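Asks: Model the placement of chain B on the given structure of chain A, informed by the hints.
For the protein sequence lines, the chains are A and B, in the order given. Quick note: the first sequence, position 29, residue 29 per the working numbering, numbers continuous. To get the working numbering, take the position in the second sequence, counting from 1, and add 376.
One or more hints might be untrue.
Pairwise CB distance ranges, derived in the manner of DEER restraints [said to hold, decoys possible]:
#1 B:N416 <-> A:L143: 48 to 56 Å
#2 A:R228 <-> B:F461: 19 to 27 Å
#3 B:P474 <-> A:T329: 57 to 65 Å
#4 A:G159 <-> B:D464: 53 to 61 Å
#5 B:G546 <-> A:L178: 29 to 37 Å
#6 B:E485 <-> A:R103: 37 to 45 Å
#7 A:L278 <-> B:V475: 24 to 32 Å
Some chain B residues judged to face chain A by a derived CB distance under 7 Å, without partners named [unchecked claim]:
#8 A481
#9 C498
#10 L500
#11 R505
#12 L509
#13 E512
#14 P519
#15 L522
#16 L523
#17 D524
None of these hints come from the bench; they were simulated from the model. For clarity, every value in this text was computed on a predicted model and none was experimentally measured. For each residue, glycine too, the CB sits at the ideal point set by N, CA and C.
Residues per chain are reported as follows:
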Amino acid sequence: MSNGENASAQHSRRVVYGEALRRFMLRPEATSVVAVIVLFIVFSALAPTLFPTRLTYISIMAVAAELGIISIGVTLLMIGGHFDLSVGAVLGLTSYVAVVLMRDFGIHPVPASFIAISVGGLLGLLNGFLVVRFRIHSFVVTLGTMLIWRGVLIALTGGFPMTVAIPQGFKDAMSGPLLGGFRMSMLWFFAVGILATVLLVRTKFGNWVQAIGQNANAARNLGVPVERVTILLFVITSSLAALAGIIQVARFASVDALRGEGMELQAVAVTVIGGTLLSGGYGSVVGTMLGAITFGMIQVGLVLAGAPGHFFRTLTGVIVVGAVILNTTVARRMANSKPLAGFKRGSTDADAAIKAGAEVDIGTSKSSTSASEAPR
Amino acid sequence: MSEERVSNLPAGSGSEDMIARRPPVEPIPAGAVPVLEAANISKGFGATTALVDVSLKAYSGRILALLGDNGAGKSTLIKILSGVFPPDAGQLLFNGKPVTFANPADARERGIATVFQDLAVCELLSVTRNIVLGREPQKGFGPFKLLDLKKAEDMARSALHGLGVRWERGLDERGANISGGERQSLAIARAMFFGSSALILDEPTSALAVRQAGRVLDHIVRAREQGQAVILITHNFRHALSVADDITVLAQGRVAGQFRRDQVELDELTDLVARVG
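Just chain A, same shape as in the assembly (with noise of 0.2 Å):
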């Protein structure tokens, strides 16, 4: 008899696991979860006394940081439907206003830094004002801040790089080091993506950025302000990436007329590796922090490795693809399956937001049928 109970508990407990994998499957973290389970294995078989040790996290973790604060920006701005494609341009000319602040004007590092980020936030209105009033894609209007921002760098540094002397306890708060070797820099990460996360999940003004990324017009027909609501998100993506800026001015020192280049482009590989749509609406802070690490372990990973440096961005793009692929056709494969015996159709996240790719189609189908049945 305890051995019958004993195999249905089995049974259900197989069932419970499967059921709690289907489930994990179709959050949008799953896929920068496996990505780094991936990766830390493939790096750990081909760098086994290198890529497995503190050293190693530490390093990766200072590149996921900051990579991942601009991206947390990013992945809000995303939900909420919007690019930034700025927020490299923009790093690296609030970094310039801090570093001439503090060196030029004398000014304290901390209010210098506050002044800076206020900058990047004021950068961000303008991109979300040009969005807002001119209806322009979001795309094409940081496109051309981007181009702007990066040209005024350059003019204003002469195209030389400007080194700074920074105060030690500036510097240690910002990317010293931390208990176990670890950069202060993981702690503002973390800080960072905890903010946003209960910000997106949590609030109002959470709801009404996925609200907005969803369905605008229902959002605005309902009373939710979208315009101010989308402004906001691009000052808060451009102030993230000011503070990004301060952290890397505290680690280098200096700033050159390159700085945060291409950070852009792998903000949005960080925040698709993190599950979130590219069409908005739908996404996780947490996810785009896994992505962000991700990163970081490629970049050091093949380093240890002894990979040619030309491998990054190859790796890197066929991670970005192998993500977008594993959160549609495996996603979609998932949340066709049925639950498993003894559970309810559940609300499963990304089972939704995979449904909703595909009513596109029907709903656009649909309405052209109605249309065509005019009354008699």
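Replies: Showing chain B alone in chain A's frame:
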């Protein structure tokens, strides 16, 4: 997602019975003030004339069906009623007093809720979050306010309950997973819960299968019973005849006829729209 559409119903099916079984309409009580009234409204867009001298009155506890073919001016009229744009000439009255709406939010704050057919639901938000969207309950203080998810769920439940919606699924179901009929019901429940006194429903049944359309019509009747002034825009005569108290037919931007529901036959309405159109 059934292919069958209500407008394709064969004669003698359920909705005919529904029409036949309807009791006579109460006359509008003498001295009653319409909740929402349009008086001699005209509107043009450039060289096109959309509405000419259109008047209608929506009373509390009554359903006014606005019938008309495509292009008759129905959507222009509801956009004026819901504050999307102002009329060129004529006056809107709310509870007997002249009003001008600055924008849709202005109209909504006065209690005029418009449910547009395709603008009802965010696909990836839960039912609860959809219902409280724009009016989210919060807890905490200052800049540290968080969503009160428990209260939001209570609000969602009472909103649906208030309209008599039998919600068999979880309130955490995503918008994409609920049916078209459920979406309309959700939107109507939401509008009423947040204090509308006039409900403007834009083709709420046009994309629905028969049974779902019936359920939505039930909910519209329920809204009337709770004292809403309902304006039901439709091009389905049977739906209009089965629930409406008053019927206004628009054709080519003008009022082609105004009736009490029990003073008009289906054939007459069909002729009216067909002849002018």
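Asks: Give a verdict on every hint.
Replies: Hints and how they fare:
Between N416 (chain B) and L143 (chain A) the Cβ separation comes to about 50 Å, which falls inside the hinted range of 48 to 56 Å. One distance hint, 19 to 27 Å for the beta-carbon pair R228 (chain A) and F461 (chain B), holds here, with the actual separation near 22 Å. At about 59 Å, the CB distance of P474 (chain B) to T329 (chain A) agrees with the hint of 57 to 65 Å. Against the hinted window of 53 to 61 Å, the Cβ-Cβ separation of G159 (chain A) and D464 (chain B) comes to about 60 Å, which satisfies the hint.
Take G546 (chain B) and L178 (chain A): their Cβ atoms lie about 43 Å apart, and the range 29 to 37 Å is violated. For the hinted restraint 37 to 45 Å between E485 (chain B) and R103 (chain A), the CB-CB distance of approximately 53 Å leaves it violated. For L278 (chain A) paired with V475 (chain B), a C-beta distance near 43 Å fails the hint of 24 to 32 Å. Taking 7 Å as the C-beta cut-off, the interface hint given for A481 (chain B) holds, the closest approach to chain A being about 6 Å.
Taken as an interface hint, C498 (chain B) checks out: its beta carbon lies about 4 Å from the nearest beta carbon of chain A, inside 7 Å. Nearest Cβ of chain A to the Cβ of L500 (chain B): about 5 Å, under the 7 Å cut. The hint holds. Interface restraint check for R505 (chain B): the shortest CB-CB distance to chain A comes to about 6 Å, inside 7 Å, so the restraint holds. For L509 (chain B), the shortest C-beta to C-beta distance to chain A is roughly 5 Å, which falls under 7 Å, so the interface hint holds.
With 7 Å as the threshold, the beta carbon of E512 (chain B) comes within range of chain A, its nearest partner Cβ sitting at about 4 Å, so the hint holds. Interface restraint check: P519 (chain B) against chain A, minimum CB-CB distance 10 Å, threshold 7 Å, status violated. Because the beta carbon of L522 (chain B) sits about 5 Å from the nearest beta carbon in chain A, less than 7 Å, this interface hint is met. Interface hint at L523 (chain B): satisfied, since its Cβ lies 5 Å from the closest Cβ of chain A, which is below the 7 Å cut-off.
For D524 (chain B), the interface hint is violated, the least distance from its beta-carbon to any beta-carbon of chain A being 10 Å, above 7 Å.
Consistency note: the structure conflicts with the earlier hints numbered 5, 6, 7, 14, 17.
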